[in-house]
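Make the full structure from the sequences, and use the hints.
2 protein chains.
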Amino acid sequence: MNIDAIEAAAARLAGHARRTPLLSSPFLDEIAGRPVHVKAECLQHTGSFKFRGAWSAISALPEGTRGVIAFSSGNHAQGVALAAKLHGLPSVIIMPSDAPALKRANTAALGAEVILYDRATEDRDAIGERLAEERGLSLVRPFDDAQVIAGQGTCGLEIAAQAAELGIERATMLTCCGGGGLTSGIALALEARAPGIKVRTVEPEDSDDVARSLAAGELLRNAFQSRSICDAIITPAAGKLTFPIMQRLCGPGLSVRDEECLKAVALAFLRLKIVLEPGGAAALAAALFHGDALDDGPVIVTASGGNVDPAIFARALETLPD
Amino acid sequence: MNIDAIEAAAARLAGHARRTPLLSSPFLDEIAGRPVHVKAECLQHTGSFKFRGAWSAISALPEGTRGVIAFSSGNHAQGVALAAKLHGLPSVIIMPSDAPALKRANTAALGAEVILYDRATEDRDAIGERLAEERGLSLVRPFDDAQVIAGQGTCGLEIAAQAAELGIERATMLTCCGGGGLTSGIALALEARAPGIKVRTVEPEDSDDVARSLAAGELLRNAFQSRSICDAIITPAAGKLTFPIMQRLCGPGLSVRDEECLKAVALAFLRLKIVLEPGGAAALAAALFHGDALDDGPVIVTASGGNVDPAIFARALETLPD
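The listed protein sequences derive, respectively, from chains L and R.
Position one of the first sequence corresponds to residue 0 (numbering that gives the first Met the number 0), numbered consecutively onward.
Position one of the second sequence corresponds to residue 0 (numbering that gives the first Met the number 0), numbered consecutively onward.
Calculated directly from the structure, the hints in this document are not laboratory data.
Warning: the hint list may mix true and false statements.
Stated by the list, open to error - Take a look, some chain L residues computed to stay more than 10 angstroms from chain R by CB distance:
#1 122
#2 191
#3 294
#4 295
Unchecked claim - Not the full set, but computed from the structure, chain R residues with beta-carbon under 10 angstroms of chain L:
#5 26
#6 304
#7 305
#8 320
The beta-carbon is built from N, C-alpha and C at its ideal position, and this holds for glycine as well.
Here it is as structure tokens:
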């Protein structure tokens, strides 16, 4: 994996993915005690950065591809469904039968065939393999795939260019981190295009496998199922491709509490006028409330997704003073 | 007023105002039955397009200007306060004493001196004139000023360029309309740069002075104080500069109900991941719920501001199905 793959993905995404804005507010700078710049990937198609990786992977498939398949109950599902539809390809998304009705409906409305399975009694991978073989479908992995990482890396290319426009040469880049696709893509892009911007991961405190893995020097899994509301960035473990990249390029991992993410959601509403889901606000929460763990200087954060249930958003708003 | 003034304002705003994105969602297209493109000015500095006009006016003041003064309890106040601060000029904002505490606090935090007056017993204009004379301050009008209109017109230049990128030559442009600064600026910019895009105004139904004025062919005032929640676009009447421009360039005015604006706020949350105030969602509401009053073809709308009270936003979210 290197910058060439990311540049090639950027060429394939041009005119299809959005160049999302880098936002800021003097009110957030004051809370953080330093300049904070927010890469608003919630404004990407389907409401998260996942569209980039999905488009990158699908646009790199060989001619004659008959369709794609993905496992996801969340943002990856919607990104794959829309990217496949825009390529004129059928998509099958395999979701647990207890996935939220809204996410199922959205994914189906974006043109995917949604197939539900029972987490307790059925084997997801077996269902996927059978369908892929029967129908000749190509699997689009959520993060551990070179083309997916390259697609997410296009977000890093934009950050490098936007930071240069602002005159920022040295900064800390905080990423909301699940499996590490976005983090490793951004880290590769910044290594090549903005080497003074150093990446650190942010995770929910009860799902901090990447922070522990970086500290231990080996790929560790989460011991138990997280109960965090940051569902978008909860994964059992980082990937075989993503972890070595993070190990080479990222500083120590950070973690945040759910309450801090809810406060960051509310402050992004109040000061930036963007809608974030809790997992998409984790990096902003770290910038606002864990500045003591960061080097001096400006911070850039990913606001990686905005697919939040209205009830959770209403809860976040309650954290604001009257 | 012509396109040259807008181009000159754009040169002064370059690197200071944000180029806001033009957003869309297949879900909104489906509701509207046509493509809908949303110019997200809520993402502008201070959360509304008002920063453009304020920057344009303040950057055009003569050398030696000692400071600025404005009357506003809302978005204009914040735009002027920040633009003045960034020019290194003091600002005085005159607000009614019953203005929301958050707006007062925001305006003060952006560097303005906030002076409160009692709507019932004090004469706002007299206070402003006395202060302007005593301190040598320049008045920044909210809409009826050539440099303010030129600044808002930069939004129209961006729309023309963004529509061209999408291959849109003919469309209806719907603007959230109060005093007509944004509308007339956009109309002038589109006349010169995208003449196939025709502007129509959108107002709250109990504050539809521009629609009535356009129909009557003369400048009419609202007969009574509106009770709409769309406070950002409630004004007694359009301006002596803005109305003739709208009369020459705009089609018949539209109006929307408060409930429709709340639904549009909720749909912008759900589908675009942006935060709108009710008045900033009026044009989107017309696109979604009044398509029968529009010519065929794509619609572009201004999402002109996002400075909404959390309680009102929570009310909007309640309009979404579970």
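Hint check results:
With a cut of 10 angstroms on Cβ distances, residue 122/L stays outside the contact zone with chain R, its closest approach being about 32 angstroms. For residue 191/L, the requirement that its beta carbon stay farther than 10 angstroms from each beta carbon of chain R is met, with the minimum near 26 angstroms. Every beta carbon of chain R lies more than 10 angstroms from that of residue 294/L, the smallest distance being close to 27 angstroms; the non-interface claim holds. Consistency note on residue 295/L: stated as away from chain R, and its beta-carbon is indeed over 10 angstroms from all of that chain's, at 24 angstroms minimum.
Because the beta carbon of residue 26/R sits about 7 angstroms from the nearest beta carbon in chain L, less than 10 angstroms, this interface hint is met. Annotation: interface hint on residue 304/R holds; nearest CB of chain L at approximately 8 angstroms, less than 10 angstroms. This hint holds: residue 305/R has a C-beta 3 angstroms from the nearest C-beta of chain L, less than the 10 angstroms allowed. Because the smallest distance between the Cβ of residue 320/R and any Cβ of chain L comes to about 9 angstroms, under 10 angstroms, the interface hint for this residue holds.
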